[in-house]
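Each protein sequence line maps, in turn, to chains Y and A. With the first letter of the first sequence counted as 1, position 243 gets the number 243 in this note's numbering; the numbers rise by one all the way through. With the first letter of the second sequence counted as 1, position 84 gets the number 517 in this note's numbering; the numbers rise by one all the way through.
By construction, these hints were calculated from the structure, which means they are not laboratory data. Virtual Cβ for every residue (Gly too), placed ideally from N, Cα, C. Hints are supplied without guarantee of correctness; some may be wrong.
[Said to hold, decoys possible] Straight-line Cα separation of at most 25 Å, BS3-like style, residue types lysine-lysine; simulated pairs: (1) 493/A / 410/Y; (2) 386/Y / 373/Y; (3) 446/A / 415/Y; (4) 349/Y / 65/Y; (5) 410/Y / 373/Y; (6) 527/A / 415/Y; (7) 21/Y / 104/Y; (8) 484/A / 527/A; (9) 415/Y / 459/A; (10) 493/A / 459/A; (11) 490/A / 415/Y; (12) 435/A / 386/Y; (13) 493/A / 435/A; (14) 446/A / 410/Y; (15) 38/Y / 24/Y; (16) 415/Y / 501/A; (17) 225/Y / 322/Y; (18) 386/Y / 493/A; (19) 501/A / 394/Y; (20) 40/Y / 65/Y; (21) 446/A / 373/Y; (22) 200/Y / 171/Y; (23) 38/Y / 65/Y; (24) 386/Y / 501/A; (25) 501/A / 410/Y; (26) 493/A / 373/Y; (27) 40/Y / 21/Y; (28) 446/A / 386/Y; (29) 539/A / 566/A; (30) 566/A / 527/A; (31) 527/A / 386/Y; (32) 435/A / 527/A; (33) 459/A / 490/A; (34) 38/Y / 21/Y; (35) 410/Y / 400/Y; (36) 65/Y / 24/Y; (37) 408/Y / 446/A.
[Unchecked claim] Only some residues are given here: those of chain A computed to face chain Y with a beta carbon under 8 Å: (38) 440; (39) 442; (40) 444.
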Amino acid sequence: MIYNIEYETMPREAIEAIQLKRLKATLDNVYATVPFYKEKFKEAGMEPSDIKTLKDLSKVPFTVKQDLRDNYPYGMFAVPMNNVVRIHASSGTTGSPTVVGYTKRDIKTWSELMARSLAAGGATPGDIIHNAYGYGLFTGGLGVHYGAEELGASVIPVSGGNTKRQIVIMKDFGPTILTATPSYTLHLAEVANDMGIDFKDLNFKFGIFGAEPWSETMRQDIQNKLGITACDIYGLSEVMGPGVAIECFEAQKGLHVFEDHFIAEIIDPETEEVLPYGEMGELVFTSITKEAFPIIRYRTRDITSLSVEPCICGRTHVRMNKVSGRTDDMLIIRGVNVFPSQIESVLMKSNEIAPHYQLIVDREGNLDNLTVKVEIDEAHFADEVKQLQNLSNKISHNIKEYLGVSAKVKLVEPKSIARSEGKAVRVIDNRKL
Amino acid sequence: MKVEQISIFLENKEGRIAEVTSILYKADVNIRALSLADTNDFGVLRLIVDKPEIAEKALKDNEFTVGKTNVVAVEVDDQPGGLHKILTILDEEKINVEYMYAYVPKNVEKPIMIFRFDNIEAAINVLESNNIKVVSNTAF
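Turn these sequences into a full structure, and let the hints steer you where they fit.
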């Protein structure tokens, strides 16, 4: 079903008229309320009144993740704190995480967009939603939760982990919709299998999966093992959280971006030129209705393309293809964002040195496994095995502590990590995504 | 009296130990005693050699991670209870053994045990005051 027929099936000219009106209001607002944007616009020699058409958006400067870190925690907020009713923070960051806030109206908007997303993915008001996204600072759990309630579905706020208990709940409570990361979904299927339970005998009909990149092959695998229709959901906390874009179950071909709330652009990451529909490049988002944390031309680092071809589901909003990669070296491991530089800072904390290291990501079964190879040096070498094992355990513990991912630490000989042009090859991703 | 032991970090890779022995051979270094501690991912090779300085330099020149540690070489009576006698003394005095390995020299009557202690000075005191013979590098 289409949750908001009026807005989701609006003719493109009408969508664009709304976008322009809302964009202008947003730019006026951030210029007046967020010193960061005012300075940035001034540096670029522009004022909000220069923006007369949607094309003029290309004159507005970009915002990058570092800008959010520099303004930690509340520097990018456009409303006083007593209007903020919710705070979330980005996953898996050391140093300054990126903090985002929501007003009452923002939560209402987000709930509606998540209700639209769940409906696009096959949910209806009578459904029972098993929500296995993590609840907490991560936007996944609460985002789905509020959307489910807005839609009028029943939500089981099971969160992540305790997999066996989840299977029992699935069997006893009879949920019809599953929301989780795709890798955790396959893990659930395996554990269920070990417990002698076939997912196909459960009541699930649809699944809405996201928060990490997944391939078409993985979709087929999930659909076959669970006997459901699986759709991809996209979002990032900097823009709102899950529910920025959603695949419809009718087409399963590209994710509709809710264009009455966000403007999506594709740029060439090198020249920063805006690219036409159909071309691959970096996805950039501008929010046009958010109050607490408006975001202007945010560079997501995700690589994809946009399409305005009409969709069989009836929605008129532009579709983004599945994200095919990143312009930076960020890895998503079990839903947690990991940058090699974060591992480096953990190693420095563990060792008081910056050693040579390499991250190796494998997918064993359905779960991502991170191995961190660390070159041993004379200062840390010992003739006693237990001291070396203490060192690798300490590093492993610190990675878990600071980044929230489990990693196996493997000590290796100096200069054994392959270097190209004198620079160590930091990441080997063996997952076939 | 302490004995100098060199230790080498080795990844579990084919032919790694042979590379060490090849380097030592080319440097004309004779291995007198050795022990290898291994884990899933790596091993630590400990060696007593006739020319520790030359061995250390040759290995470092070939980019091995090399450490030097002082260990204690002790004569053991070559009969039942020989080693037990020494371990009992150490145990009574609460001297902790990190690891140990044996070596049988050519021209000496008694075999030798190499001990690695946390507190090497205390260990030597205890051994010597109990009339256990502690030998030096030159005895090898």
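Hint check: residue 446/A vs residue 386/Y, CA-CA at most 25 Å. Holds or violated? 20 Å, holds
For the pair supplied as a hint, residue 415/Y and residue 501/A, confirm whether the alpha-carbon distance does not exceed 25 Å. Since the Cα atoms of residue 415/Y and residue 501/A sit roughly 21 Å apart, the hinted pair holds (cutoff 25 Å).
Would you mind confirming whether the straight-line C-alpha gap from residue 435/A to residue 386/Y stays at or under 25 Å? Holds, at about 22 Å.
Checking one constraint from the list: CA of residue 38/Y to CA of residue 65/Y, max 25 Å. Satisfied? 18 Å, holds
Straight-line alpha-carbon gap residue 410/Y to residue 400/Y, limit 25 Å: 15 Å, holds
Holds or violated: residue 444/A as interface residue toward chain Y, Cβ cutoff 8 Å? Because about 5 Å separates residue 444/A from the closest Cβ in chain Y, which is inside the 8 Å limit, the hint holds.
Residue 349/Y paired with residue 65/Y [C-alpha distance capped at 25 Å]: 23 Å, holds
Given the hinted pair residue 408/Y and residue 446/A, is their alpha-carbon gap at most 25 Å? 19 Å, holds
Can the restraint linking residue 501/A and residue 394/Y be considered satisfied, given a maximum Cα separation of 25 Å? 24 Å, holds
Proposed proximity, residue 527/A with residue 566/A (alpha carbon, max 25 Å): The given pair, whose Cα atoms are some 19 Å apart, holds under the 25 Å limit.
Is residue 446/A within 25 Å of residue 373/Y, Cα to Cα? Given pair residue 446/A, residue 373/Y holds - Cα atoms ~15 Å apart, limit 25 Å.
Does the structure keep residue 493/A and residue 373/Y at a Cα separation of 25 Å or less? Given that 25 Å is the threshold and the Cα spacing comes to 21 Å, the pair holds.
When each numbered hint is compared with the structure, violations occur for hints 6 and 8.
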